Amino acid sequence: MTTIDTAGTSDPARAERGRRAFGEVMTIAAPDDSSPAIARGLIDFVFAEIWTRPGLTRRERRFITLACVADADAEAPIVEHVYAALNSGDLTVTEIREAVLHFAVYAGWPKASRLNMIVDQQWERVNHERGQQVPPPEPLLPLVTPSDPQARLARGEQAFREVNCLPYVPDRDNPYQGAGILNFVFGEMWPRPGLGMKERRLITVACVAFQDAPYPIMSHVYAALKSRDLSFTEMDEFALHFAAYSGWPKASYLDRVIAEQKVRVLDEWRADEAETS
Amino acid sequence: MTTIDTAGTSDPARAERGRRAFGEVMTIAAPDDSSPAIARGLIDFVFAEIWTRPGLTRRERRFITLACVADADAEAPIVEHVYAALNSGDLTVTEIREAVLHFAVYAGWPKASRLNMIVDQQWERVNHERGQQVPPPEPLLPLVTPSDPQARLARGEQAFREVNCLPYVPDRDNPYQGAGILNFVFGEMWPRPGLGMKERRLITVACVAFQDAPYPIMSHVYAALKSRDLSFTEMDEFALHFAAYSGWPKASYLDRVIAEQKVRVLDEWRADEAETS
Amino acid sequence: MTTIDTAGTSDPARAERGRRAFGEVMTIAAPDDSSPAIARGLIDFVFAEIWTRPGLTRRERRFITLACVADADAEAPIVEHVYAALNSGDLTVTEIREAVLHFAVYAGWPKASRLNMIVDQQWERVNHERGQQVPPPEPLLPLVTPSDPQARLARGEQAFREVNCLPYVPDRDNPYQGAGILNFVFGEMWPRPGLGMKERRLITVACVAFQDAPYPIMSHVYAALKSRDLSFTEMDEFALHFAAYSGWPKASYLDRVIAEQKVRVLDEWRADEAETS
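Chains as they are written, first to last, in UniProt numbering: chain A, 1 to 277; chain B, 1 to 277; chain C, 1 to 277.
Calculated directly from the structure, the hints in this document are not laboratory data.
Each hint should be verified, as a subset may be incorrect.
Partner residues aside, some chain A positions facing chain C, computed with beta carbon under 10 Å [claimed, not checked]:
#1 VAL100
#2 HIS102
#3 SER147
#4 ARG192
#5 PHE210
16 Å max Cα-Cα, derived EDC-like pairs, lysine to aspartate or glutamate [unchecked claim]:
#6 A:LYS262 with B:ASP33
#7 A:LYS226 with A:GLU162
#8 C:LYS198 with C:ASP173
#9 B:LYS262 with A:GLU162
Bear in mind the structure is a predicted one, so any value in this text is a computation, not a measurement.
Note that CB positions come from ideal geometry on N, CA and C, so glycine has one too.
Make a model of the complete structure from these sequences and hints.
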């Protein structure tokens, strides 16, 4: 006989759906844990009702999740999600390593340094479990960015405009903007091959939404929508997935910004259309 | 006819339960917002399936929630939950002000400074809405703790042992431990009247679980259980509530620590019983 | 002729400069790691192009870095930077212990508790490596601040005005402001000897910029500039260093606040000059 939990769920199908999704996403069996956080929260909600939704693919949800768990500093979830991303084959080790560099810029080096170590360890584990040698790192492509400082700044300014969908660039005679933003973040990091723009957007928006600084949240949500790298529906879905992994307070702020930036982008698209027609 | 939302819920009763809980907790009507984060996440899960659970009272959940939203730096949720805590009458302004001081210690002064300003603003708003003058605050002096540095340290050492359920105290000849922990945190802050031990435990565990440093999480979960200020069931319920407001990665770490500390505390209680019988 | 480095940079001198800077700052050899985060990010950028810059000394950069890695909760970077600060002789153990107390106030006690343990461990390690006994710590008592509650509050109000460069003090009849800010943070902590004002400013600004609460960021950037404890150039340099260790989103917010507060401080200086001339 099933006892009815009036406060939570009495639906065994929902729990079963959650356990199946857990197995598929995490590539290990769901835990037998009856604590409310795991049974009612993680299985019945996060796996049964978020990971199973359409709107973002499982692979796309992994980039958001990896950024969120690494931001949250919780050791076991970082290990488990890095392992699952590699073991499922959803991400190659080359992609996940490139994601660590992107994450480093938006979350800071200390958190990225931990993530990078865990990637190495879990990549060894996946290969060990398969009875394989760890393959040598893939030969990386020649960088598309120039080494000459002037040319690098110019490339940074071009990428800054393209990525941010903005008509202007920041003043280079400022250490943060010149030596940091133009020279490295946009002059070198964003133009690297190895991750598509959509994946870079997912990592970036997760990090800025976690970090709480209002202007970067606004500008990266705007650029993700304006560039059409993320559709409006995908961005809404992002907010729900992010809520589970970084909590409702941050997600509810993100959700407001998304609503505002949709209006702004729609207005701009309508104005562009009016101009060209 | 029920339309089936394959991605989320097909249960209008669940949404209705969520909207009713939202109204009771937040003291305003639930938003008409169909975005997944709000409709599927906040209403259908956080309000329909977390706030309605037994295990912790609504008043107790407020202390956890206030610590989580203030930790997360999200302006609107802080404003809304401070307003709701005061407007519902669940917390007095004296209690919430004492909670801000406790929060300052465990979350850092900058976050507490923002929370303190919002408490003043929302207390004015609540009084204004009721056509009342804002009553004068309770006076700070006289302090209940000793002024003499030696006596204050001794008081701090005693409170350190009682709050942490530990037989030893840290070396005072260390600025962090002596001037900070013994002199202020346990010598002055914890012994203040105005909040009960259970409320101080709720704020503390929320903050240490947010902050990620492993030893403080372990020691405060242990002490909350060992002191019986929180029951095992209440602590499990805490983890679920915390998951919603600070995200699953941090909550899953907390959940593990809770499981370990329950075993430790049970072992100690059994050993104590064996000794006394 | 430019040799092409297929892994990212075309400048082997840049990688070499980064590896040399790493060795000098970290007091251990740079890792042989070709992952993008380490080779392209940490060595080629953070060490080759940030730590080598003028504008802040290596010792000054350590206070920022220690606050950032402790805020980020990443175990290995905390250990490595505490070790490097002590092993290089850039910071004495007394200074770093005082820095932990200051950090506790602005980042919260749980993070500081972990940092404090690591300082003790690394101080033992440095002494062990040198075949020395760990010397006894400096005694806590007597405190330099008054014991009488009224006198302590008065001392706190004076320090509050001086540190914040403000003409007013907060109302003491509020637990956060009275028992916390005036009584402890400014009544005891800031007036402690053992760290200069510039060092306390570096820790404070790093912590408030990490914590995201807008008012404290504004007020501490303002006070650091207004007091002339940090020059305009040093503050700009701070933003770049901070970006690397706490991520670009928080740094971008800080950079804007710096620009605004420079204007405010310049205006005030001009007005003062006009008045006195």
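Was the hint right that A:HIS102 lines chain C, CB cutoff 10 Å?
holds (9 Å)
Verify the proposed pairing of B:LYS262 with A:GLU162, using a straight-line Cα cut of 16 Å.
violated (54 Å)
Less than 10 Å between beta-carbons is the criterion; does A:ARG192 satisfy it with respect to chain C?
holds (7 Å)
For C:LYS198 and C:ASP173, compute the direct alpha-carbon distance and say whether it is at most 16 Å.
Outside the cut-off at roughly 31 Å; violated.
Return the status of the interface hint for A:SER147: holds when the least beta-carbon distance to chain C is below 10 Å, violated otherwise.
holds (4 Å)
Verify the interface restraint on A:PHE210: the C-beta must sit less than 10 Å from at least one C-beta of chain C.
holds (9 Å)
Just to be careful, I want the Cα atoms of A:LYS226 and A:GLU162 compared with a cutoff of 16 Å; is the pair within it?
Holds, at roughly 11 Å.
Quick one, are A:LYS262 and B:ASP33 close enough, alpha carbons at most 16 Å?
holds (14 Å)
Using Cβ atoms only, decide whether A:VAL100 comes closer than 10 Å to chain C, and label the hint accordingly.
holds (4 Å)
This entry does not satisfy hints 8 and 9, going by the numbered hints stated previously.
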